[in-house]
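Chemist: Residue strings, one per chain:
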Amino acid sequence: MKLKARLVGLSTLILASAALISGCSSSPSAEESLTIYSGRAEEYIAPFLQQFSAETGIKLDIRYGDSAALAAQLLEEGENSPADLFLSQDAGSLGAVSDFDLLQKLPSDLLTKVDAKYQSSKQDWIGVTGRVRVFAYSPERVSNLPKSVDDLTNSEWKGRIGIAPTNGSFQAFVTAMILNRGESATEQWLKGIQQNNPKLYEKNSQIVEAIDAGQLDLGLVNHYYVWEVSEELGRSIKAKIDFFAPGDIGNMVNVSGAGILKSSSKTDLAQRFIEFLLSDGIQKEVVNKTHEYSLVFPDLTPSGVPAFLEIKSPAVDLTSLSDLKRTQNLLIKVGLI
Amino acid sequence: MPQELLERNTAALRKIGTLQYFLYLASLLAVLCAALPLAYLLNRATSSDADSISTVLLRAKSINVLVTTLTLTAVVTLGAVLVGVVLAWILNHVSIRNMTAWRAATVIPIAIPSYVFTYCWMTLNPGLRGFWAATLVLILSTAPFVTLATLAALRRVDWSQYEVAQTLGLNPLKTFFKITVPQIRNQVAAGALLVALYVLSDFGAVALLGVDTFTRAISNLYRGSFDRSTAAVLSLLLVAISAVIISLESRVRSDSEARRASTKIVAEIKPFHSAKLRLVSYLFLATYVSLSLALPLMLLMSRFISNQVELDFAGLTSATFNTVSAAAIGAVIAVSIALPVGVLLQQGSRLAKLADASVLVVHSLPGIVMGLALVALGSQVGWLYQTLGLLAFSYALLFMAKGVGSVRTALAKVPTNLLEISTTLGQNKVQTIRRVAIPLAAPGILSGTLLIFLAAMKELPATLMLRPTGFETLATEIWNYTSISRFSEAAPYALTLVLVAAIPTFLINRPDRSENARESS
Numbered sequence: 000m001k002l003k004a005r006l007v008g009l010s011t012l013i014l015a016s017a018a019l020i021s022g023c024s025s026s027p028s029a030e031e032s033l034t035i036y037s038g039r040a041e042e043y044i045a046p047f048l049q050q051f052s053a054e055t056g057i058k059l060d061i062r063y064g065d066s067a068a069l070a071a072q073l074l075e076e077g078e079n080s081p082a083d084l085f086l087s088q089d090a091g092s093l094g095a096v097s098d099f100d101l102l103q104k105l106p107s108d109l110l111t112k113v114d115a116k117y118q119s120s121k122q123d124w125i126g127v128t129g130r131v132r133v134f135a136y137s138p139e140r141v142s143n144l145p146k147s148v149d150d151l152t153n154s155e156w157k158g159r160i161g162i163a164p165t166n167g168s169f170q171a172f173v174t175a176m177i178l179n180r181g182e183s184a185t186e187q188w189l190k191g192i193q194q195n196n197p198k199l200y201e202k203n204s205q206i207v208e209a210i211d212a213g214q215l216d217l218g219l220v221n222h223y224y225v226w227e228v229s230e231e232l233g234r235s236i237k238a239k240i241d242f243f244a245p246g247d248i249g250n251m252v253n254v255s256g257a258g259i260l261k262s263s264s265k266t267d268l269a270q271r272f273i274e275f276l277l278s279d280g281i282q283k284e285v286v287n288k289t290h291e292y293s294l295v296f297p298d299l300t301p302s303g304v305p306a307f308l309e310i311k312s313p314a315v316d317l318t319s320l321s322d323l324k325r326t327q328n329l330l331i332k333v334g335l336i
Numbered sequence: 000m001p002q003e004l005l006e007r008n009t010a011a012l013r014k015i016g017t018l019q020y021f022l023y024l025a026s027l028l029a030v031l032c033a034a035l036p037l038a039y040l041l042n043r044a045t046s047s048d049a050d051s052i053s054t055v056l057l058r059a060k061s062i063n064v065l066v067t068t069l070t071l072t073a074v075v076t077l078g079a080v081l082v083g084v085v086l087a088w089i090l091n092h093v094s095i096r097n098m099t100a101w102r103a104a105t106v107i108p109i110a111i112p113s114y115v116f117t118y119c120w121m122t123l124n125p126g127l128r129g130f131w132a133a134t135l136v137l138i139l140s141t142a143p144f145v146t147l148a149t150l151a152a153l154r155r156v157d158w159s160q161y162e163v164a165q166t167l168g169l170n171p172l173k174t175f176f177k178i179t180v181p182q183i184r185n186q187v188a189a190g191a192l193l194v195a196l197y198v199l200s201d202f203g204a205v206a207l208l209g210v211d212t213f214t215r216a217i218s219n220l221y222r223g224s225f226d227r228s229t230a231a232v233l234s235l236l237l238v239a240i241s242a243v244i245i246s247l248e249s250r251v252r253s254d255s256e257a258r259r260a261s262t263k264i265v266a267e268i269k270p271f272h273s274a275k276l277r278l279v280s281y282l283f284l285a286t287y288v289s290l291s292l293a294l295p296l297m298l299l300m301s302r303f304i305s306n307q308v309e310l311d312f313a314g315l316t317s318a319t320f321n322t323v324s325a326a327a328i329g330a331v332i333a334v335s336i337a338l339p340v341g342v343l344l345q346q347g348s349r350l351a352k353l354a355d356a357s358v359l360v361v362h363s364l365p366g367i368v369m370g371l372a373l374v375a376l377g378s379q380v381g382w383l384y385q386t387l388g389l390l391a392f393s394y395a396l397l398f399m400a401k402g403v404g405s406v407r408t409a410l411a412k413v414p415t416n417l418l419e420i421s422t423t424l425g426q427n428k429v430q431t432i433r434r435v436a437i438p439l440a441a442p443g444i445l446s447g448t449l450l451i452f453l454a455a456m457k458e459l460p461a462t463l464m465l466r467p468t469g470f471e472t473l474a475t476e477i478w479n480y481t482s483i484s485r486f487s488e489a490a491p492y493a494l495t496l497v498l499v500a501a502i503p504t505f506l507i508n509r510p511d512r513s514e515n516a517r518e519s520s
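Same order as they appear, the protein sequences are chains A and B.
Take the first sequence: its letter number 235 is residue 234 in numbering that gives the first Met the number 0, and every next letter is one higher.
Take the second sequence: its letter number 260 is residue 259 in numbering that gives the first Met the number 0, and every next letter is one higher.
The hints are simulated quantities; they were obtained by calculation from the structure and are not laboratory data.
Do not take every clue at face value.
[What the hints assert, rightly or not] Cut-off 30 Å, straight-line C-alpha distance, at most; resulting in silico cross-link-like pairs (BS3-like, lysine-lysine):
# : chain 1 : residue 1 : chain 2 : residue 2
1 : B       : LYS428    : A       : LYS157
2 : A       : LYS202    : B       : LYS60
3 : A       : LYS198    : B       : LYS275
4 : A       : LYS104    : A       : LYS116
5 : A       : LYS324    : B       : LYS177
6 : B       : LYS60     : A       : LYS190
7 : B       : LYS60     : A       : LYS332
Generate the whole structure from the sequences, applying the supplied hints.
Modeler: This is how it looks when you write it as structure tokens:
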């Protein structure tokens with residue numbers, strides 16, 4: 000403990016002096032800028048970023064990448080990271096960076112904007128948008144909608160369901176189940192699914208495409224994939240989504256979020272950026288344009304999906320999603336990955 | 000001895016000294032470059048606790064992963080060798096119309112990113128999954144490594160023996176095994192090695208088709224638990240596997256067969272005109288090209304046309320420019336290191352052998368591992384980190400192995416007596432290498448450079464991490480769209496990538512004018 004405290008003190012000192020040095024060396028006339036590592040796709044976030052630059056005159060240098068890969072990159076860079084901000088698609092990647100103490104504590108005026116369950120318990124990252132686990136199904140071939148993820152272990156679903164067990168969103172859901180029901184109950188559920196010969200996919204979008212192509216009846220995905228795939232194909236597709244009964248673990252909510260790196264010397268600017276992401280205008284745009292749920296205005300609902308407040312998703316500690324080792328071991332044990 | 004002559008000789012000697020020095024320096028540099036990611040992995044691997052390592056290694060799944068990885072590598076390599084050699088043989092022996100176009104078309108598939116290639120196939124047949132699907136996709140996309148290597152070898156085959164065989168009444172098949180195989184064996188082995196290492200490091204195909212190889216397992220560890228230590232242990236295992244494969248390859252290679260004591264390097268080969276053979280050849284070529292090139296291209300086109308999206312010409316142009324410049328600089332750096340290593344290998348230098356092996360060994364590492372290793376090292380050098388220079392250097396590091404093999408085998412094919420004659424005629428070592436060895440080895444060196452260039456153009460994981468912030472390449476743009484399943488918007492970038500790859504491939508595959516000149520004189 001003592002050592003840790005000393006290390007923290009030392010690194011604060013180093014950071015402070017680094018900030019001082021960089022503050023001195025940068026000429027005052029230089030344009031203000033922020034370096035952002037974004038796990039959020041360019042297509043979805045770039046318009047907001049441009050709007051931010053236009054409004055504030057702050058230049059944004061953005062590095063797009065896969066959230067988990069960017070998190071791994073931030074861990075390797077450590078104190079030397081050129082990044083000021085990390086935007087992630089999921090809580091797990093933010094949590095991994097937070098576990099290594101690379102994120103700054105956020106000010107309370109930002110944290111109060113969003114429900115505490117959608118932010119880090121260390122208060123060093125905050126959720127920006129919500130994404131919910133749902134089931135996608137073929138309305139032609141499925142008439143009896145499942146009420147719970149447990150229904151999917153019934154033999155009526157044999158050979159009809161699809162999952163993406165290597166995908167982060169599925170693993171986050173399984174982690175939530177472990178936290179909620181315990182390891183052995185989760186193992187039972189996974190075995191039940193395994194017995195139904197699920198079709199395994201790499202990505203959520205493949206599941207939706209397979210339902211559209213008539214090869215699959217139902218699959219576990221995030222709520223926006225039906226919209227995303229139909230955008231890509233330029234037509235409406237033969238797949239719909241629905242939630243399980245309110246409170247079912249199958250309706251788990253994950254968030255995309257943002258954190259400020261400790262190594263950043265531009266805390267103020269970075270906070271301004273997060274404030275912008277949580278501002279009324281942007282939050283409303285997110286609901287309309289990317290079909291995600293707003294965490295600031297949970298009563299806003301994207302078109303074609305159920306209302307956020309009706310989901311009654313079970314309580315899940317998003318901070319605990321960074322280490323999926325137990326989940327992966329379970330999936331390996333059952334033979335799904 | 001006249002003063003003048005003495006001075007000239009000392010100058011020449013000094014020049015040789017400088018040359019040797021330079022060769023050693025370049026080989027040392029290659030060893031150091033390859034040592035960087037290995038040192039990183041060792042550091043990470045040793046920082047983990049023995050418990051978690053043994054849980055990962057000893058679980059039943061690991062054995063499965065090992066078996067799957069080895070089987071997939073073996074089957075794909077075998078398949079790619081068969082397809083590649085047949086393609087090269089047809090392209091070299093049979094009278095085919097539009098030869099240059101066919102040659103280019105059989106090589107260009109390696110420019111299509113594995114992920115895009117597999118996706119196209121899955122769109123066509125959404126049920127495509129599993130080991131044999133991955134085998135098919137990987138054979139189709141890696142056969143060009145063998146085709147290219149074999150073509151370069153066939154150009155240097157001494158056909159005078161071939162004529163003798165024909166006169167003696169050997170049929171084409173027997174002639175092939177008796178005359179051709181011994182002379183192209185080394186280059187085919189080098190191509191096969193590239194295929195094997197490619198399969199070991201490939202992520203796109205195995206991930207989409209759901210085949211559990213080491214690379215997929217490593218990637219899952221990074222994604223799921225950010226467990227860098229265990230991932231490093233698995234990566235080192237992968238390095239060990241590739242080391243075994245590399246030593247296998249060097250056994251297949253024989254040095255005695257490599258050189259022909261013929262002064263006439265290329266006797267003109269008379270192509271087969273038999274109608275039956277030509278028909279079969281056309282069928283084989285057409286099947287390969289349609290499965291590996293036409294089909295994915297058509298799918299991309301139809302996706303692009305069916306969902307009309309506005310084409311961002313400025314973005315496309317700058318991505319193309321960025322891709323070409325970064326990949327070209329990387330290829331030049333790689334070849335300027337691979338060439339001296341190749342020359343030194345000819346002298347039997349141990350350092351060069353070490354350089355050769357170590358460059359190959361790291362070639363089996365998945366892109367994400369190499370990328371993170373370079374992030375860990377590069378981020379400590381602020382002024383260099385995330386610059387075009389470091390990106391190009393990382394391409395060189397990642398793909399040097401693709402050049403070393405070609406250069407090595409190309410130089411080995413240069414007849415020793417020509418080098419001796421050159422020396423007898425008073426040319427010093429530098430002049431001999433420059434005027435005799437390199438021009439004769441040029442086709443091999445060029446195809447090696449092309450391989451590096453094509454591989455660098457489609458590289459993704461390291462590019463995402465190491466590019467200058469905001470620097471978009473064709474590969475990163477393709478990823479930008481495919482990551483949110485927008486294939487129609489990724490299509491123009493993928494098509495441009497193939498187009499850009501086609502130009503140098505086409506140029507290099509034109510009938511070698513210098514050879515023609517020599518033959519006609």
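Chemist: Each hint: holds or not?
Modeler: Okay, the hints, checked on the actual structure:
Taken as a hint, the LYS428 (chain B) and LYS157 (chain A) pair is broken in the structure, with Cα atoms around 73 Å apart against an allowance of 30 Å. For the hint pairing LYS202 (chain A) with LYS60 (chain B), the CA-to-CA distance comes to about 22 Å; that is within 30 Å, so the pair holds. A threshold of 30 Å between alpha carbons decides the hint, and for LYS198 (chain A) with LYS275 (chain B) the separation of about 45 Å lies outside it, so the pair is violated. Our distance criterion of 30 Å between C-alpha atoms is met by LYS104 (chain A) and LYS116 (chain A), whose separation comes to about 16 Å.
Proximity of LYS324 (chain A) to LYS177 (chain B) is assessed by CA-CA distance (about 56 Å); at most 30 Å being required, the pair is judged violated. At roughly 16 Å between alpha-carbon atoms, LYS60 (chain B) and LYS190 (chain A) fall within 30 Å of each other, so this suggested pair holds. As the CA atoms of LYS60 (chain B) and LYS332 (chain A) are separated by approximately 8 Å, the hinted pair is consistent with the 30 Å bound.
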